[in-house]
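K.L.:
Quick note, the sequences are listed as chains A and B, same order. When we follow the numbering used here, the leftmost residue of the first sequence carries the number 341, and every step to the right adds one. When we follow the numbering used here, the leftmost residue of the second sequence carries the number -2, and every step to the right adds one.
Since the hints were made in silico from the structure, they are not lab data. Be aware that a few hints might be false.
[Unchecked claim] Distance windows between CB atoms, simulated: (1) A:Asp393 <-> B:Arg108: 47 to 55 Å; (2) A:Ala368 <-> B:Thr81: 52 to 60 Å; (3) B:Pro17 <-> A:Pro405: 53 to 61 Å; (4) A:Gln484 <-> B:Glu34: 31 to 39 Å; (5) B:Val150 <-> A:Gly411: 27 to 35 Å; (6) B:Gln110 <-> A:Gly422: 44 to 52 Å; (7) B:Trp52 <-> A:Val444: 31 to 39 Å; (8) A:Gly467 <-> B:Tyr6: 40 to 48 Å; (9) B:Phe21 <-> A:Gly373: 46 to 54 Å; (10) B:Val150 <-> A:Ala394: 53 to 61 Å; (11) B:Gly118 <-> A:Lys491: 49 to 57 Å; (12) B:Ala24 <-> A:Leu380: 52 to 60 Å; (13) A:Leu380 <-> B:Thr67: 35 to 43 Å; (14) A:Gly422 <-> B:Trp52: 51 to 59 Å.
[Unchecked claim] Example chain B residues on the side facing chain A (calculated, C-beta under 8 Å, incomplete): (15) Ala38; (16) Pro40; (17) Ala87; (18) Thr100; (19) Arg108; (20) Phe128.
Where is the CB? At the ideal position from N, CA and C, for every residue including glycine.
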Amino acid sequence: MSNWYMLTLVGKDQPGIVARVTTALFEAGSNLGETSMIRLGEYFTVMMMVRSDAGDDALCSVLQPVVDALGLVLHIHAIDGGLHHRPIPDVCILVHGGDRAGIVSQVTSKAAQAGLNILDLESDVGGTESEPIYILQIEGMATQGVESVEKALAPLQADGVKIDVRPIDTLIG
Amino acid sequence: MAVLEILTYPDDRLRQVSEPVKQFDAALQGCIDDLEETRLAGPGAVGIAAAQVAWFQRVLIVDVSGRKKTGNHGHLILVNPEITEWDGFAIGREGCLSVPDYTGNVVRAERIQLDALDRDGNALCFDMEGFEARAVQHEMDHLDGLLFLDRLVSRRQDLFQRKVYK
Ligand SMILES: [Zn+2]
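The shape of chain B in the complex, shown without the other chains (with noise of 0.2 Å):
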C-alpha cells in the first residue's frame, strides 16, 4: 500500500477521460488500496477518483458515513459507475483534494439512482441523494476529466437555494 500524489490543477492530466475497468485482477485491488489510502492521507476527503492519482480508469470511492445526520450507503468502491436517473437540483458548497485553498458553490442533481460495479465486479445499484449523490457527482465528473471549478455558480445565489431538504 502507498500514499500516491495527488494531480493538481492546472495539471492537463486531470481534463483525461478515463477508461472503464475490464479485469478484476490483483493489479485492480491493489490499485484501489493504494487510492484509498491517499484518500484517508488527505484533508478530510469524503471521495476520490483514480483519475487524481493519474491512473486513467472508471474507479472511485466514496464514504460519507463519518458525517453526522446524512444519508448514505457506507463505505463505496464505485467501479464503471453510471447514473441513470436525476431528480431535483440543490446548490452546495465544494472543494477538491486536486484544487488546494479554494471551494465554491456547484449546482448538482439532489437525487440519482447509480448503476456500478463492486471491485469484484459483482453489480450494484444505488438510490442515493443529498451529500452522498453530490459526493458520487463529483468524483464522476474526475472520470471524464471534468473539475467543480467547471460548474463554479456565484457565491451570491445562495438565496434562491430551497431549504435544505431534511
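Isolated chain A, as found in the complex (with noise of 0.2 Å):
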C-alpha cells in the first residue's frame, strides 16, 4: 500500500531549491505526483503530492539536510487518495483593473454562491507603485453552468474592473 503526503517547502529564493529538493525525495525512494512550484515575491514556493512508503518522519530526515543547508520551512502531512482524480476545469474567469481592496473576495464570493469550483487560482499586481494594477485568473468548474457565475459576477464589473468570463471547451481526440 502507497502513502501520499502534501509536502509544502517555502525558503528565500536561490538557485537549486527545485533540484536539491527532488533530488533528495528520488535518492530516498519517493515519487512525486502533482506538484506546483513558484515564486511569490522573493520566496520559491513548493507544494507537492510526494508517494512515499516510508513513513513522513523518515520523509523528514531525507529533507531535513537541504531544509537547513536553504533554510526553507518544511510542512508534511499525510494526505487520502493520489494521482487519477483530475477534475477538467470547464470555465476560466479573468479580472483585471486597477488595485480594489477586496476584489479577490468579492469575486470568488459571488462566484461561489454561483456554483463555482476553484481548481487554479493566481493572482498578481502589476503596473507601477503609484498606480497598480490587479490581475486575477481563476479556472474551475461551474457546477450550475458558466451561464450562472457570468451572471453572478457581472454587478462586481464596475470602477474600472474588467471581469471576463468565459467557458474552457477541452477538445477530446
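Mind assembling these two chains? They're in different frames, but the hints should get you there.
P.N.:
Set out below in C-alpha cells:
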C-alpha cells in the first residue's frame, strides 16, 4: 500500500531549490505526483504530492539536510487518495483593473454562490507603485453552468474593473 | 463492427507516421466503421485518427456537431487530408484518448483550408475555423506521429489569448 503526503516548502529564492529537494526525495525512493512550484515575491514556494512507503518521519529526515542548507520551512502531512482524480475545468475567469481592496474576496464569494468550484487561482499586481493594476485568473468547474457564474459576477464589473468569464472547451480527440 | 483497443502514450506506435490510403475497398470501409465505433465508445471524443487504433493509414474522423455554438461541417470522415492554408492562431485546451487524465494548452491555427477524400475517394474541400479546425489539426498530428503533448504551452499563457472569436 502506498502512502501519499502533501509537502510544502517555502524559502528565500535561490538557485538549486527544486534540484536539491527532488534529488533528496528521489534518492529516498519516493515519487512525485502533482506539484506546483512558483516564485512569489522574493520567495520560492513548493507544494507537491509525494508518494513514499517510508512514512513522514523518514521523509522529514531525508529532507532535513536540504532544508537546513537552504533555510527552507518544511511542512508534511499525510493525505488520502493519490493520482488520477483530476477534474477538468470548464470555466475561466479573468479579472483585471486598478487595484481594488477586496476584489478577490468579492469575486470568489459571488462565484462560489453561483456554483464555482475553484481548481486553480493565481493573482498578480502589476503596473507602477503609484498606480498598481491587479490581475486575477481563475480556472474552475461551474457546477451550475458558466452563465450562472457570468451573471453573478456582472454587477462587480464597475469602477475600472474588467471581468471576463468564458467557457473552457476541452477538445478530446 | 468492433470497438478497437486505443493505443496509449508512451506506446511507441503512436510515433509512427501513417501511409496514404490507396485503395477504397471493402476492407477500408470496415476499418472506418470500427474506427467510428471506437470513437463513440470513448469519453466524449470529437475526433479519432486511425493511428490511435494501430491502423497506420491516413484516415481520421471528426464530428463537433454535437456542441452548442460551434461552427461545423457535420460528421466528417477524412482520408488523406492535407491542410493547404493556415491563418491566425489560438490557444485552446486539449486532451486525447491516447493520453488519459491529462489536458493542456495547445496553439493551433484559427482557420484552415483542407483538402481530403471521403470514404469513397471523392474529393472534399473545406474552410474550417475554431473548434472544428482545432480537432482536425489534433487528429492530423496523430497521422504524423505527433501528440498534443509535443505542442504544450504553459497553462499560464491564457492572458495573452485574444478574446475568443465568436
Ligand atoms: Zn488525440
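K.L.:
Taking the earlier hints as the rules, which of them does this structure contradict?
P.N.:
Hints 7, 10, 14, 15, 17 and 19 not satisfied by this model.
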